[in-house]
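Q: For reference, the chains in residue letters:
Protein chains: 2
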Amino acid sequence: MSEPANTAPAPAAKAALPIVSIENISKWDGQEVTIRGWLYNMRESGKLLFPIFRDGTGLLQGVVVKSAVSPEVFARARELTHESSVIVSGKVRADKRAPGGYEMDVIDVQVVQLVSKDDPFPITPKEHGTEFLMEHRHLWLRSQRQNAILRVRHEITKACRDCLDQEGYLQVDAPILTPAACEGTTTLFETQYFENEKAYLTQSGQLYSEATVAAFGKVYCFGPTFRAEKSKTRRHLTEFWMVEPEAAFATLEDMMALAERFVSFVVKRVLENRRRELETLGRDISNLKKIEPPFPRITYDEAVEILKRKGSEFQWGGDFGGTDETLLSEDFEKPVMVHRFPAAIKAFYMEPDPQRPELALGVDVLAPEGYGEIIGGGQRISSYDLLLQRIKEHNLSQQAFDWYLDLRKYGAVPHAGFGMGIERAVSWICGLEHVRETIPFPRMLHRLRP
Amino acid sequence: MSEPANTAPAPAAKAALPIVSIENISKWDGQEVTIRGWLYNMRESGKLLFPIFRDGTGLLQGVVVKSAVSPEVFARARELTHESSVIVSGKVRADKRAPGGYEMDVIDVQVVQLVSKDDPFPITPKEHGTEFLMEHRHLWLRSQRQNAILRVRHEITKACRDCLDQEGYLQVDAPILTPAACEGTTTLFETQYFENEKAYLTQSGQLYSEATVAAFGKVYCFGPTFRAEKSKTRRHLTEFWMVEPEAAFATLEDMMALAERFVSFVVKRVLENRRRELETLGRDISNLKKIEPPFPRITYDEAVEILKRKGSEFQWGGDFGGTDETLLSEDFEKPVMVHRFPAAIKAFYMEPDPQRPELALGVDVLAPEGYGEIIGGGQRISSYDLLLQRIKEHNLSQQAFDWYLDLRKYGAVPHAGFGMGIERAVSWICGLEHVRETIPFPRMLHRLRP
Chain A
1 MSEPANTAPA PAAKAALPIV SIENISKWDG QEVTIRGWLY NMRESGKLLF PIFRDGTGLL
61 QGVVVKSAVS PEVFARAREL THESSVIVSG KVRADKRAPG GYEMDVIDVQ VVQLVSKDDP
121 FPITPKEHGT EFLMEHRHLW LRSQRQNAIL RVRHEITKAC RDCLDQEGYL QVDAPILTPA
181 ACEGTTTLFE TQYFENEKAY LTQSGQLYSE ATVAAFGKVY CFGPTFRAEK SKTRRHLTEF
241 WMVEPEAAFA TLEDMMALAE RFVSFVVKRV LENRRRELET LGRDISNLKK IEPPFPRITY
301 DEAVEILKRK GSEFQWGGDF GGTDETLLSE DFEKPVMVHR FPAAIKAFYM EPDPQRPELA
361 LGVDVLAPEG YGEIIGGGQR ISSYDLLLQR IKEHNLSQQA FDWYLDLRKY GAVPHAGFGM
421 GIERAVSWIC GLEHVRETIP FPRMLHRLRP
Chain B
1 MSEPANTAPA PAAKAALPIV SIENISKWDG QEVTIRGWLY NMRESGKLLF PIFRDGTGLL
61 QGVVVKSAVS PEVFARAREL THESSVIVSG KVRADKRAPG GYEMDVIDVQ VVQLVSKDDP
121 FPITPKEHGT EFLMEHRHLW LRSQRQNAIL RVRHEITKAC RDCLDQEGYL QVDAPILTPA
181 ACEGTTTLFE TQYFENEKAY LTQSGQLYSE ATVAAFGKVY CFGPTFRAEK SKTRRHLTEF
241 WMVEPEAAFA TLEDMMALAE RFVSFVVKRV LENRRRELET LGRDISNLKK IEPPFPRITY
301 DEAVEILKRK GSEFQWGGDF GGTDETLLSE DFEKPVMVHR FPAAIKAFYM EPDPQRPELA
361 LGVDVLAPEG YGEIIGGGQR ISSYDLLLQR IKEHNLSQQA FDWYLDLRKY GAVPHAGFGM
421 GIERAVSWIC GLEHVRETIP FPRMLHRLRP
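Sequence order for the protein chains is A and B. Heads up: the first sequence is residues 1 to 450, going by our numbering. Heads up: the second sequence is residues 1 to 450, going by our numbering.
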């Protein structure tokens, strides 16, 4: 670190300056403070330098006046390269023209590490290809856009928990390493579990939550889930996070009501606490302001009629693809809940509709603006006999599911739940093109690094 | 479901009864309500039945008076088996003798599913072996003890997040699937990542958090971590959760200060919100009430002296085993922080002590009452040259760590962090013998099911 400059305040006084975060800078108007961070950008204009600093919580423009600081401080400031780490002291001053509304009249600059001019920070304001940015994800995260997305992500995950906690749900984590495949192993990551066993990375905590609802009444799990799918679309990751509430004595209708409260709660929180980040992303927040209960509800049958009316070739009995989802959701300003699907296209554990047993009591929630499915869920079979029959029909191992069948022998209750994919929710709320920006270190078909 | 009984209130009136949680039963004193849950226990005394119901939030004793209900309701109540699911209506009445302080004068009992007498709930009040209970973990979770532990676990994980959120840390999730091994692959679970690559399940998010601190200033990751260790001790799981804060411009001392604030915050929250659960577990809470900053701090050198004074054969340069940790912590009522270890026994990325470069700026936090290490952390190397040297000394692949080295080229800062193992913290705070009860579905050397 550099020596204190001659014209700066005496070291004792300097040491006492409060170290503050840029996000709180407005509280220090007119006072001398120290910030610690990195050089984000620099503009020079004769005897003035306008460095922009970032500290992870925001950006702050500094003003270095040659005549107001020692030659050493001015020289140190002037030689700063992009992303060099610094400790900067100065006086905070409100300035309406400045981004964020404040500037700092710089008194002292200490260089922690100067990025070499011969090996500069690889990400520049110029356009980079996606592969280059993904390969440098560990550095790309420092950009204002990525910073904003991951701040929104944190707000979303926190809001998911807060909502469910308030609703009386208990977080009960499901295991990641599981012994049995839900339905086939083709999309599962497999690992050797010591000498004698194979384990698979979970695709959903739901089956385990069905055990824990009988112990706690209302539960949720929230963790990473995995799918070894060779899909290469803008909506697919191989590793993604899911929040999955499950409730005992609950029906499909209860879960639809929870889903609309839950999604609305999350969007409202982001609007309240992350407005600045949404602005950085250029998100049209007028669309987000419309997200409140009730959400429109249509049956699968009605959805098929809508698709046909719009000229689609879609046939009753099929599962919606991305295009179908977009066609269905484009008429609605809020997420639309499509319910009661053909049982044949849904998972083996779905409760049939008592009115029409060929239908399953399931629901998909499709985000507006073409973002597709963000939630899938429904009511689970509570009858032992029916579940056993379905396990046999699907050629699943009865032995692997013995514990799951137990839940129907010992105090079965109607129960239901859903799962929301965090990355798809982040993608929609932030208004992003591709889910790869919604998670700190995305894992995709051709991407396991850094 | 059963028909409404003759002597019960008319169906319309019954339908209107509020459905309440047992944990909120005190708010309904003197009123008629409905609870939904399971039969936990039953005592019969002539013309009286005393069923105890559980709904996942608590226990409530009912009183069924033969003369006060219809013969059908009495018969249905009487035939209830352990863990049968029920919907029960009645009047709430304060009774000091009752566990929880309230009873219910039962008006109606509807049976949702009657557990067969021929195939009764496998877990009975009698003693079961550990293997039997672990094999029936999906049902064992319904016991009051397991219920209490996992309620405390939820409180702990929530408190961890709330503390760090309040301290200005941003949750930034680290990936689970990672390309490179930290140090060797012997304790890593490996999986084939599509055609050409191998992926490993993370042992810690720390290296990734070192990237994200430079983007956000203060971060934490919180997720499952994995160790394919063949250890079979009461402190080891193969899958466990870690919360790992990391801060830029932070030193070992900053992290010790954070660790004591953090642990104290968590314990205080549990004492505030989960007193009833700690009582269920028979936890001596007087020990927990002592947990507040500052925590005692001793150097590794001092720790070695303490061990020798106590007659241990321990030699300077060794790593503490479980017995050493117990000897060290038994003199203290609070967690003790042991710092500045021999660099040779610590990870390659640890910053050396500038005063004595043979020491690493690391800290272990040992819980009191013999619970051993709950936190490990320290300051990370910020010099590119030194980190590269260490990578070579440890025979690690420079290419695998190129992105990690980048962090020292582009704006390196002093930075530090720690990781707390959730299961060990739950074990200590609950006062448990074995970590296997601290996680819903434990994974151990010989345990991958259910």
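I should point out that these hints are in silico values taken from the structure, not numbers from a laboratory. By construction, the Cβ of each residue, glycine as well, lies at the ideal position given by its N, Cα and C atoms. Do not take every clue at face value.
Computed Cβ-Cβ distance ranges for the label pairs, DEER-style [unchecked claim]:
hint, chain 1, residue 1, chain 2, residue 2, range
1, A, Ala-400, B, His-128, 29 to 37 Å
2, B, Arg-78, A, Pro-354, 29 to 37 Å
3, B, Arg-97, A, Asp-385, 39 to 47 Å
Q: Look at each hint and say if it fits the structure.
A: Now for the hints, and whether the structure bears them out:
1. A/Ala-400 to B/His-128: 29 to 37 Å: Check failed, 23 Å falls outside 29 to 37 Å.
2. B/Arg-78 to A/Pro-354: 29 to 37 Å: holds (30 Å)
3. B/Arg-97 to A/Asp-385: 39 to 47 Å: With a Cβ separation near 43 Å, B/Arg-97 and A/Asp-385 satisfy 39 to 47 Å, so the hint holds.
Checked against the numbered hints above, the structure violates only hint 1.
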